[in-house]
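Student: Chains as they are written, first to last, in the numbering used here: chain A, 1 to 406; chain B, 1 to 186; chain C, 1 to 83.
These are calculated hints, taken from the structure and not from any lab test. Wrong hints could be hidden among the right ones.
Short, incomplete list of chain A residues facing chain B, as computed with Cβ under 8 Å [stated by the list, open to error]: (1) S36; (2) E39; (3) G84.
Just so it is clear, CB atoms sit at the ideal spot from N, CA and C, and this is done for glycine as well.
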Amino acid sequence: MAATEGKRKAGSTALRALTSGALALPGLAGSARADSAAELFALEYAFSWYQEDDIDSSLVAPGSATERMKIQSHQIHIDKPWSGRVDLDFDLMQEVMSGASPIFVEPGPGGKPQQVMSGATIQEQRTDISSAVNFYFDTGRITGTGGVSTENDYLALSGGLEGVKHFNQKNTSLSMGAGFSLDTIKPVDTDEFPLRPEKENREGYDVFVGISQIINEFAIVESTVSYQRGSGYLSDPYKEVFVGGNRVADSRPEARNGFSWLTRYRHHVDLLKGSVHADYRLYLDDWGITSHTLELAWAQSLWDVVQIIPSVRYYTQSQANFYAPYFDQATDDGYASSDYRLSPFGAISWGVRAETQFPTGQIQWRGRISYERYDSGASYAIGKVATPNPGLVSFNVISFSLMGAF
Amino acid sequence: MSNPQLVRMQARKSDVEQNARRVLCVLLSVLGVMLGAASAVAVDEGEPAPVFEAPALGGHGIVSLDDHRGKVIYLDFWASWCPPCLESLPQIEKLRGAFSEDEFQVLAVNVDSKPENALKFLKRNPVGYPSASDPKGVLPKRYGVSTMPTSYLIDQRGIVRYVQSGFRRQDIDELHSRIKKMLEQE
Amino acid sequence: MSTRWRGLARGASLLLCSAVALCSLGCKSLLTPVSPWERETLSRPDMAWESDRMLSSIRSHVFYSKEAARGGAGGSGGGCGCN
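Chain A extracted, bound-state conformation (with noise of 0.2 Å):
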């Protein structure tokens, strides 16, 4: 079958939660947050460049573009202190998508799975938004989230509350929390592409539950488990499917559980001046999925001004239970999907960044730049995967930062 030729907006859906919103995710708001309210307003700017390698033309359809997705994305963040004990955070993102994106897959010779991308597309763009209060006690701190993403096919509304209790003269830390999401999505060009639905909607919900240790001066270790739920349409609508012959839309189940933990570990090495980063993350979810994720940084002071952090991350995930690159019959649930996103693969990045804080009179800096570069392949995979996805990415992405508090 021929490449499409679709004005198909790129990117869309590539970035999009498959169940809940990003910024719904509990803990995001609250990463790497001091114990007390902010005293100075904090203005943090960052740019980062996102792009993925060309597919192999051996892995695609003939006739089908190889050039793949561009992202630029702008962020900016507001510390604003309000009292002694409150404090408020803003952000807001905006990125600018362009290139191509896998459609489906196809059986080409021999039965080789072969990819058909969308054609060249104009230029996407998506903003989000988010907010958070903060309030602070002696020991603990309570937080509320709001947020809202856009896109020119999607409306994602989220939310969430979490809290943080000490004990032990802060030495134990127990936090938890919820969040939702709320998504309505609709399609671009229904007309010309018959097979996506006209109007979606889509709900996420998330608790999380960790607990963090001091283990002693110069160590500590935490570890948090979450449920996710995603009901609705979750399926991707520009998505399609290859089954006996014919394209039909990409249709996953409408409900899905899923349960991951995530244990860190920050241990310092005085005789070197720098510090161990350990963490793993096991997921599970009912559709089939498991994955591992383990990422090792090593954080290196030089003259107390700067840490140069090299790291490394490995990525393995099995298949969704309704997944296969293309299908020779109809499924007995109905059920199909051949994203790349649900295939058995693994991943290994590396990256390495730079970080530096400083002050000039009454401002204090924080500038920070990084490079990360991630291959995807089944070879990585934890078990044998016996016919890999012609989909799967790896890119580089290349950001910085800076932040002036006063």
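Dock chains B and C against the given chain A, drawing on the hints supplied.
Tutor: Using the frame of chain A, we list chains B and C on its own:
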């Protein structure tokens, strides 16, 4: 020949006993951890401030609490790695300037394990009151400091009248009025 | 396990538990807490959970959209514990 049913019941009972003992162990340990974690007796309002003599930061002389008996004393525990501490230092210096040297004295105890870090900070942000150097943390332990920073308002007879836990910008006004009241009472 | 070993194990675990409990109550706690004035190392930027919230956020966002796993909240406790 033992009754098999009786033997089974006894076996089950000892299993229950063992499990109960395990649960009790865990509960005791948790309780122990929680109780053990409670800090040693902290110096409270109304109690006499523990008298001390400590070397001054930078090595020039001694800082002694008793030397300043008869004045209202503001004793501040701080460290160079504690951001609210650093923000409080210029505020305390301003507070010091609001009262006469004959009636009001500010003393500080720095707990940096490497005192040179504290000296580096003071070089760029000098204050007019002495800091004692206590890298081993003997004094904060004696006073039962529960958070960094903590300060004690001590009256002319050496009794702690107010404990300031933590520091927020608004706290200076409260401290100012308390010191004023303590000076007027004499 | 033979009755002898079971009895021994039971006795040993009871002894251990009591020792732990007594120690915890009598002496310092099992995990001696780090005092507020001893948190210098923990307050270092290289000991933070996330040293750069913007970067964590963008990375989370990217991985979230390329991989099936989600979740991973965290980031409380530790640090200077001030105020």
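Student: Taking the closest Cβ pair, is E39 (chain A) under 8 Å from chain B?
Tutor: holds, 6 Å
Student: Please verify that hint: G84 (chain A), Cβ, nearest Cβ of chain B, below 8 Å or not.
Tutor: holds, 4 Å
Student: Less than 8 Å between beta-carbons is the criterion; does S36 (chain A) satisfy it with respect to chain B?
Tutor: holds, 7 Å
No hint from the list above goes unmet by this structure.
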